[in-house]
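A.B. asks: Whenever a hint applies, use it, and build me the whole structure from the sequences.
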Amino acid sequence: MNTSPARVLAFLSGFCGAFHTSTVAADGSVRERLSADSGWRFHLGDEWGMGQSLAKACTGHGPASLEFSDVGWRRVDLPHDWAVELPFDRKADAGHGYKPIGAGFPENSIGWYRRTFDLPKTDAGCRIWIEFDGVFRDSMVYVNGWFIGRHESGYGSFRYDITDVVNVGGRNLIAVRVDASHFEGWFYEGAGIYRHVWLVKTGPLAIAPDGVFVYSRFKKDVPVGPAELHLETRLYNAGPAAASATVTWDILAPDGRPVARARKAAKIAGAAFLEINQTTSVRTPLLWTPETPHLYRVRTRVTSGDKVVDQMENEFGIRTVAFDPDKGFLLNGKPYVIKGTCNHQDHAGVGTALPDRLQYFRIAKLKEMGSNAYRTAHHPPTPELLAACDRLGMLVLNENRLLGSDERHLRELEAFVRRDRLHPSVVIWSLANEEWTAQGTDAGARVATTMRDLVKRLDPTRPITYAAPMGNDFSGINRIVDVR
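In terms of my numbering, the sequence shown is residues 705 to 1188.
In short, the hints are calculated from the structure, not lab data. Remember, predicted model here, so these are calculated numbers, not experimental data. There may be inaccurate statements among the hints.
[Claimed, not checked] Taking lysine-lysine pairs in the DSBU-like style, the calculated list, with each CA pair at most 30 Å apart, reads: (1) Lys1160 x Lys924; (2) Lys924 x Lys1043; (3) Lys968 x Lys924; (4) Lys1011 x Lys825; (5) Lys1043 x Lys1031; (6) Lys971 x Lys1011; (7) Lys1160 x Lys923; (8) Lys923 x Lys968; (9) Lys1031 x Lys923; (10) Lys923 x Lys1038; (11) Lys924 x Lys1031; (12) Lys1011 x Lys1038; (13) Lys1160 x Lys971; (14) Lys825 x Lys760; (15) Lys1043 x Lys1069; (16) Lys971 x Lys1031; (17) Lys1160 x Lys1038; (18) Lys1031 x Lys825; (19) Lys1011 x Lys968; (20) Lys1160 x Lys968; (21) Lys1043 x Lys1160; (22) Lys924 x Lys1038.
C.D. replies: Laid out in structure tokens, this is it:
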């Protein structure tokens, strides 16, 4: 594939427009994914505190209140990084770009965002979600005065089901308090809602968020002949009663031709998740590599009775990855030399608030200089970065932010893997980066084992590593990972 910058930007002019529009299925099934990037109001400062009453529900105050006026606030569109807009200050942290933000600069470290949106009466009966691809950091979200949730990590994607608190047939308010007072890294991290935000609508019986997974196997693990596809779809039934559902998977070749189909019926209990698995095969697959980034599509359709209740279409690739102690990295059964770079997500002029086109530009530039692999240092990337790697052809070492086996860290690790496991560019997971205190200890090994086992349950296809500055030391975490 020609990945010159000019060609990449021409390609994007069509892609970006389609990416930010409604995705209601042509057959009338209930699913919309709408960009909520535009039309926000922003204020730097926190004169009102956290905006949450601990005495009564639905009593958000300050910017979280429906009665609050934000007329004097600045209008911004997302992605937005307010740190990059600050002046340079010699007293500020060098690793964070000499920007006056963090513990020593409270006046610059907390910001508020507000946005209104309307929901038509036809959304009655739908499930309504708000999705954040990334907020730095420690965000508190309010909808119509209700406190919805708090997410501390500045790098993971997260979402909230806001069905119960929205006004269908009327106007709605979302307010977000963002607190960047504490750093997570030793590098430039930005501040604000610096990735995309989405409003998602589904029916009560639907494909769960990040609920589609496809991976391929070959006989004797040699990519010759037909590829067996393992199809996995996770459903959610928000209704109180059990429901019957049939999932149909249609596999489309890179040129759009249908090449395989599978179907499976099941019954799902009320207020429950259900994972449905099936297999099919592609007779003569086109294999994904950085030089030939062939992408298939899986169209997942859910029917209940004679009605289509949900449908999604996702890209995936057919390929195998493995590491051999003698042969090194094997891509599709053949030795492949990795020429990788370690990359932070910020870019000159925009900080961490990169437009999608810039993701493609950066990957194209890396390929132009001879690189074929990308490490997401040192945290989960934005989904658009992985889409660029899938489409342009770039191997990815996908890195988790922190070591931890407590409830919060395992929940974030699961969300990270579920979100990114469909991307063919991702060839290896990294549990964490240079956890100096824990990495050589038995406790560190136990924590990493719990994390490793969770990743393996969610994705049996990829090896796992840990970024350890320990050379040939096989103690602690190095003892339990696949690649070191």
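A.B. asks: Take the hints in turn and mark each one as holding or not.
C.D. replies: Evaluation of the provided hints:
no.	hint	in the structure
1	Lys1160 x Lys924	20 Å, holds
2	Lys924 x Lys1043	28 Å, holds
3	Lys968 x Lys924	27 Å, holds
4	Lys1011 x Lys825	21 Å, holds
5	Lys1043 x Lys1031	16 Å, holds
6	Lys971 x Lys1011	15 Å, holds
7	Lys1160 x Lys923	21 Å, holds
8	Lys923 x Lys968	24 Å, holds
9	Lys1031 x Lys923	20 Å, holds
10	Lys923 x Lys1038	15 Å, holds
11	Lys924 x Lys1031	17 Å, holds
12	Lys1011 x Lys1038	46 Å, violated
13	Lys1160 x Lys971	27 Å, holds
14	Lys825 x Lys760	29 Å, holds
15	Lys1043 x Lys1069	14 Å, holds
16	Lys971 x Lys1031	46 Å, violated
17	Lys1160 x Lys1038	23 Å, holds
18	Lys1031 x Lys825	61 Å, violated
19	Lys1011 x Lys968	16 Å, holds
20	Lys1160 x Lys968	25 Å, holds
21	Lys1043 x Lys1160	26 Å, holds
22	Lys924 x Lys1038	14 Å, holds
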